[in-house]
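Asker: Whole structure, please, built from the sequences with the hints as guidance.
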Amino acid sequence: MSTSTSFNRLTPYVFLAPAVIIMALALLYPLGYMMYGSFREWDPSQAMGESTFVGLKNYITLWNDPNFRESTLVTLKFAVSVVTVEMFIGVGLALMLDRNLRGMSLLRTLFILPMMIAPVVVGLIWRYMYHPTLGIFNRGLKGVGLESVDWLGQHALLSVIIADIWQWTPFIFILALAALQSLPRSALEASRIDGATGWQQIIHIKLPLMMPVLIVTCLLRLIDAFKVLEVILVMTEGGPGLSTEILALRISRTATEFRELGVAAAMSNYLLMLLLFITVLMLIYNRIMEHRAAKANRMIEEAH
Amino acid sequence: MPEIFLDNLKKSYGSVEVLHGIDLEMEHAEFTVLVGPSGCGKSTTLRMIAGLETVSSGEIYIDNKPVSKLEPKERDLAMVFQDYALYPHMNVEKNMSFALRLEKRPKKEIKRKVQEVAEIVGLSEYLHRKPAELSGGQRQRVAMGRALTRDSSTFLFDEPLSNLDAKLRTQMRAELAMMRQRVRKNMIYVTHDQIEAMTLADRIVVMHGGYIQQQGTPEQLFKKPANKFVAGFLGTPPMNFMPASLQRSGDDVYLSGKGFDLLCDGFTLDRLSQARSDHILLGVRPCDLDYQPDAATNAALDIDVVLSEYIGAQSVLIGDCGGQKIMVELKSDTPIALGERLRFSVDLKDLHFFNPEDDRAIG
Ligand SMILES: Nc1ncnc2c1ncn2[C@@H]1O[C@H](COP(=O)(O)OP(=O)(O)OP(=O)(O)O)[C@@H](O)[C@H]1O
Ligand SMILES: [Mg+2]
Numbered sequence: 007m008s009t010s011t012s013f014n015r016l017t018p019y020v021f022l023a024p025a026v027i028i029m030a031l032a033l034l035y036p037l038g039y040m041m042y043g044s045f046r047e048w049d050p051s052q053a054m055g056e057s058t059f060v061g062l063k064n065y066i067t068l069w070n071d072p073n074f075r076e077s078t079l080v081t082l083k084f085a086v087s088v089v090t091v092e093m094f095i096g097v098g099l100a101l102m103l104d105r106n107l108r109g110m111s112l113l114r115t116l117f118i119l120p121m122m123i124a125p126v127v128v129g130l131i132w133r134y135m136y137h138p139t140l141g142i143f144n145r146g147l148k149g150v151g152l153e154s155v156d157w158l159g160q161h162a163l164l165s166v167i168i169a170d171i172w173q174w175t176p177f178i179f180i181l182a183l184a185a186l187q188s189l190p191r192s193a194l195e196a197s198r199i200d201g202a203t204g205w206q207q208i209i210h211i212k213l214p215l216m217m218p219v220l221i222v223t224c225l226l227r228l229i230d231a232f233k234v235l236e237v238i239l240v241m242t243e244g245g246p247g248l249s250t251e252i253l254a255l256r257i258s259r260t261a262t263e264f265r266e267l268g269v270a271a272a273m274s275n276y277l278l279m280l281l282l283f284i285t286v287l288m289l290i291y292n293r294i295m296e297h298r299a300a301k302a303n304r305m306i307e308e309a310h
Numbered sequence: 055m056p057e058i059f060l061d062n063l064k065k066s067y068g069s070v071e072v073l074h075g076i077d078l079e080m081e082h083a084e085f086t087v088l089v090g091p092s093g094c095g096k097s098t099t100l101r102m103i104a105g106l107e108t109v110s111s112g113e114i115y116i117d118n119k120p121v122s123k124l125e126p127k128e129r130d131l132a133m134v135f136q137d138y139a140l141y142p143h144m145n146v147e148k149n150m151s152f153a154l155r156l157e158k159r160p161k162k163e164i165k166r167k168v169q170e171v172a173e174i175v176g177l178s179e180y181l182h183r184k185p186a187e188l189s190g191g192q193r194q195r196v197a198m199g200r201a202l203t204r205d206s207s208t209f210l211f212d213e214p215l216s217n218l219d220a221k222l223r224t225q226m227r228a229e230l231a232m233m234r235q236r237v238r239k240n241m242i243y244v245t246h247d248q249i250e251a252m253t254l255a256d257r258i259v260v261m262h263g264g265y266i267q268q269q270g271t272p273e274q275l276f277k278k279p280a281n282k283f284v285a286g287f288l289g290t291p292p293m294n295f296m297p298a299s300l301q302r303s304g305d306d307v308y309l310s311g312k313g314f315d316l317l318c319d320g321f322t323l324d325r326l327s328q329a330r331s332d333h334i335l336l337g338v339r340p341c342d343l344d345y346q347p348d349a350a351t352n353a354a355l356d357i358d359v360v361l362s363e364y365i366g367a368q369s370v371l372i373g374d375c376g377g378q379k380i381m382v383e384l385k386s387d388t389p390i391a392l393g394e395r396l397r398f399s400v401d402l403k404d405l406h407f408f409n410p411e412d413d414r415a416i417g
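Sequence order for the protein chains is A and B.
Position in the first sequence (from 1) plus 6 gives the number in the numbering used here.
Position in the second sequence (from 1) plus 54 gives the number in the numbering used here.
By construction, these hints were calculated from the structure, which means they are not laboratory data.
Bear in mind the structure is a predicted one, so any value in this text is a computation, not a measurement.
Ideal Cβ positions, reconstructed from N, Cα and C, are used throughout, including at glycine.
Among the hints, a few may not be true.
Here are the simulated lysine to any residue pairs, SDA-like style, with alpha carbons at most 20 Å apart [unchecked claim]:
#	chain 1	residue 1	chain 2	residue 2
1	B	Lys148	A	Leu213
2	B	Lys127	A	Ser192
3	B	Lys184	A	Leu189
4	B	Lys184	A	His297
5	B	Lys148	A	His210
6	B	Lys184	A	Ile209
7	B	Lys148	A	Ser192
8	A	Lys301	B	Glu179
9	B	Lys184	A	Met217
10	B	Lys158	A	Gly204
11	B	Lys123	A	Asn106
12	B	Lys403	B	Leu323
13	B	Lys184	A	His210
14	A	Lys233	A	Glu76
15	B	Lys184	A	Arg298
Across the chosen pairs, the derived CB separations fall in these ranges [claimed, not checked]:
#	chain 1	residue 1	chain 2	residue 2	range
16	B	Ser66	A	Asp104	23 to 31 Å
17	B	Glu170	A	Arg108	44 to 52 Å
18	A	Ala299	B	Asp219	28 to 36 Å
Answerer: Structure, rendered in structure tokens:
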């Protein structure tokens, strides 16, 4: 009897085991490899076994490396600004285009086009558009009699931010639109009867109900923005100076140009930790909010 | 002048017309009840008045003003939705006070109002729950409460009590009846429940297939239904219908059908003079048949008892009269046996006559 019940309890795990093992190998092996590598001085020509163990040296060196710090700061600036702007524009557009007018579906399809273009191509297109003399922007400015702007020189970071916004706003747009269209119609109707204006509907009904989707969207975009590489590589190669050298670019250069695989691995780990930190922070924030609401409910009900 | 006036209101979804010209006048502070079978267009009518559906043709007047192009909030009305339509992210209190908060009423006033209404709908203990944490009936009461906190000039109710248990429903019905005397507002109320319709309504509007079949006071509709549909729809158990024809024998005229020959009096003949032919449809309510073993043959129906449904003081007898099913109401203590043939007398005044071609009432 007892053996059969304990067997029964184990059954689900037995069935889960193959999937878990494959996941563990596929997910954890590369991660473990990177961890291991980050504690070694390791040249790409060496096998991992031939490299020497250096402890935390790579991490400490990086911590004190002003270039790495600069690069981290650039990454943070880049990620935070693109995600903020993209969220505003994406959600705003979704709120505006959530109507059943004719031609709306065509418009929506047009809006998602940028997302479908390969990042390298996006980089090339924008590099050309930013070209000091041939680019559309400066020709346009000249056309209306304004000074031309040194886009990829003086305003390199701003320029890559604009390009990224152009490419990734559609992502937020479609997710926000999907969230909007799955909102309970009847609650919106009720709010119209209750006298809510369009704005009040957005603020009191639509946005709060979309929030769970928006949080996940924001998180996904944030994680992605921290790892962006191709567009910037093509547009500025990190320059001028270090002004657009985001972490992913620095990692790739450390590995290929400087041939320091260990340092690159340590840098990746820093990035990973940063992302984990952000994710956990958001989860905790969510939890706290839920918890607080539940607690308030309990307290009030007990008082009754 | 009527407070709300629907003028030849039509609604089409694509090429399908679901409302075919609704004409309706509602006096100030009148309680109008829309009844009809599922899918007849009650909710659609209500939603058009509310401004949630566009008007395909015709016009809605509130206070003599055409409103069909106005936004819902400009029509000054509150509504209880058939599917509740609560705000899922707000607790009961927030749900009920949403409109008041939008109007920026003083906090104290809002709180007082919400508590007052919560008391009425019996939700005082649930003010801090979210809709997802409530039962269906409780949600329905929140929807009701949300409308009652408003002091709009018109209230629209779409089956607001359909999900409550019998006791709560009776209680809420009484609350509504009382509220209606206290606050003189226009109320339009959709229901399937005949008792609700009969007890609450100043005016009942019976709808079927996108048409208004008849409107009037509950009594008018019950006593003088305009057609077979209304006659069969109002009243439980429903009216019995039997084909009959006028047979002359000497000076006497008989209404005869399978299993009965009723001798007509002058008054009845007068009523029947409007019939287009000798063939008519005869309607008699189950409550108008009287168990009288010694009644005369030419003033009674003979019914074979097939089944008796006990429902308390009264039983509903399902019987067979000349091969047709017929329902009769009977005191439960009447000693009867299944298969027995019983005689029920009818008063000719209680009979309803319909034209078999178009189902319209005669006389
Ligand atoms: N959005 C829509 N598109 C097409 N047809 C619709 C739509 N809404 C309602 N209808 C049709 O209109 C008719 C009337 O619907 P309505 O909801 O008014 O019925 P109802 O009388 O309220 O029924 P119930 O008692 O079941 O609530 C129905 O036949 C329904 O199929
Ligand atoms: Mg309905």
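Asker: Going through the earlier hints one by one, which of them does the structure break, listed in rising order?
Answerer: Structure breaks no hint.
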